[in-house]
Amino acid sequence: MGYNSTHIQQSAASLIVLPIIYIFLCIPGLLGNILSQWVFLRKIDRKTSTHMYLINLVTANLLVCSAMPFMSAYFMEGFNWTYSSTKCKVVNFLGTLFLHVSMFVSLTTLSCIAISRYATLIKKDLIEEENASFYEKIFYGRILKKFCQPNFAKKVCSFIWGAVLATVIPVTIYYSAVELYEENGEMCYSEVAECGAGISGPARLIGTAFIGFCFLVVLLSYYSFVSYLRKIRKSTSITQKYSTYCSVKRHLLVIQFILIICFLPYSIFMPIFYALSRTNDSQQLGYLVEIKNFLICLAAARSSTDPIIFLLLDKTFKKTLYNLFRKANSPH
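Offset between the sequence shown (1-based) and my numbering: plus 2.
Calculated directly from the structure, the hints in this document are not laboratory data. One thing to keep in mind: the hints can contain errors.
Said to hold, decoys possible - Computed Cβ-Cβ distance ranges for the label pairs, DEER-style:
| id | residue 1 | residue 2 | range |
| --- | --- | --- | --- |
| 1 | Ala165 | Pro273 | 21 to 27 angstroms |
| 2 | Gln286 | Ala165 | 52 to 58 angstroms |
| 3 | Val19 | Arg44 | 45 to 51 angstroms |
| 4 | Asp47 | Leu313 | 45 to 51 angstroms |
| 5 | Ile201 | Leu313 | 25 to 31 angstroms |
| 6 | Tyr225 | Pro273 | 18 to 24 angstroms |
| 7 | Gln11 | Thr88 | 33 to 39 angstroms |
| 8 | Lys157 | Trp40 | 20 to 26 angstroms |
| 9 | Ile145 | Trp40 | 30 to 36 angstroms |
| 10 | Asn282 | Leu222 | 37 to 43 angstroms |
| 11 | Tyr225 | Pro267 | 17 to 23 angstroms |
| 12 | Phe154 | Asp283 | 49 to 55 angstroms |
To be verified - In silico lysine-lysine, DSSO-like type, Cα no more than 27 angstroms apart, as pairs:
| id | residue 1 | residue 2 |
| --- | --- | --- |
| 13 | Lys294 | Lys49 |
| 14 | Lys45 | Lys321 |
| 15 | Lys320 | Lys49 |
| 16 | Lys148 | Lys320 |
| 17 | Lys49 | Lys157 |
| 18 | Lys49 | Lys148 |
| 19 | Lys49 | Lys156 |
| 20 | Lys147 | Lys321 |
| 21 | Lys294 | Lys89 |
| 22 | Lys147 | Lys233 |
| 23 | Lys317 | Lys49 |
| 24 | Lys156 | Lys320 |
| 25 | Lys294 | Lys148 |
| 26 | Lys329 | Lys317 |
| 27 | Lys233 | Lys317 |
| 28 | Lys147 | Lys317 |
Here the structure is a predicted model, which means the values were calculated and not measured. Ideal Cβ placement from N, Cα and C applies to all residues, glycine included.
Turn these sequences into a full structure, and let the hints steer you where they fit.
Below, the structure written as structure tokens:
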């Protein structure tokens, strides 16, 4: 199917509001994640598997925050740029690459963190539980246990980056160098840039399905985690342990809430977008593109909120950060 770059028009929402949102998210996102990475790498000596995953997650967050200025420039000036301009090519390539790589890496890493946390929680009780089934001992005691090992976490993170880069880079290069060149008209902001074409369109759909799958894994893992805490709370009579479980449960519910707000609308809408984007109705297509771009921005916003999640996920990070601020505010 050919594309006509005059099909879609930008509204004030994407021309003004989206660039402002991206810049607003970029600044605190970069500052918060740079601080988080510094704490993880320089201030925490004994790193657990969770720290390995969080370091990986911060790296992905910095990548998506670095893409935000490109996305802001694209929405602000893309309709005025010609496709052949250097600005358009750079923004299209780097913005697309950074954003998609970071989203895939982030969701996969969050899945590993969720599995690791769940495995850590149930491991202690399986050791104490005499009537644990053979399946439970093998699956939880052997397989999930590996996600709690720092060396295994390093290997998993390396594999995630390698697999994502090997998949996304070729598609992005083909999309930027071939599809946009062959299909596009005059403008940088066009239908093919927003909807994809021969290879990038199906690739985006597969990527959306992968993101939805990882999102589901994270939610199910944390739901199982919370259910397990609820079960333990009913069976324990130790006040301190009860208080600890309640605190962990609250933290997990906050994390679930943030992930649902950021990713659920995107995961639901994107299949609808791909199904309806082949319409000849330019007005309908314009509305679909506007919604898609705002939901991608919402999904990217999670990278700026992750420092809050780090405070809830890791006590060592929280304690280290608290001590740093206390020293900074103490009189000399």
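Do the hints match the structure? See the list:
no., hint, in the structure
1, Ala165 with Pro273: 21 to 27 angstroms, "holds (23 angstroms)"
2, Gln286 with Ala165: 52 to 58 angstroms, "violated (36 angstroms)"
3, Val19 with Arg44: 45 to 51 angstroms, "violated (38 angstroms)"
4, Asp47 with Leu313: 45 to 51 angstroms, "violated (19 angstroms)"
5, Ile201 with Leu313: 25 to 31 angstroms, "violated (41 angstroms)"
6, Tyr225 with Pro273: 18 to 24 angstroms, "holds (23 angstroms)"
7, Gln11 with Thr88: 33 to 39 angstroms, "violated (24 angstroms)"
8, Lys157 with Trp40: 20 to 26 angstroms, "holds (24 angstroms)"
9, Ile145 with Trp40: 30 to 36 angstroms, "holds (34 angstroms)"
10, Asn282 with Leu222: 37 to 43 angstroms, "holds (40 angstroms)"
11, Tyr225 with Pro267: 17 to 23 angstroms, "holds (19 angstroms)"
12, Phe154 with Asp283: 49 to 55 angstroms, "holds (51 angstroms)"
13, Lys294 with Lys49, "violated (38 angstroms)"
14, Lys45 with Lys321, "holds (11 angstroms)"
15, Lys320 with Lys49, "holds (14 angstroms)"
16, Lys148 with Lys320, "holds (25 angstroms)"
17, Lys49 with Lys157, "holds (15 angstroms)"
18, Lys49 with Lys148, "holds (15 angstroms)"
19, Lys49 with Lys156, "holds (11 angstroms)"
20, Lys147 with Lys321, "holds (26 angstroms)"
21, Lys294 with Lys89, "holds (23 angstroms)"
22, Lys147 with Lys233, "holds (21 angstroms)"
23, Lys317 with Lys49, "holds (12 angstroms)"
24, Lys156 with Lys320, "holds (22 angstroms)"
25, Lys294 with Lys148, "violated (38 angstroms)"
26, Lys329 with Lys317, "holds (18 angstroms)"
27, Lys233 with Lys317, "holds (23 angstroms)"
28, Lys147 with Lys317, "holds (21 angstroms)"
Checked against the numbered hints listed earlier, the structure breaks hints 2, 3, 4, 5, 7, 13, 25; every other hint is satisfied.
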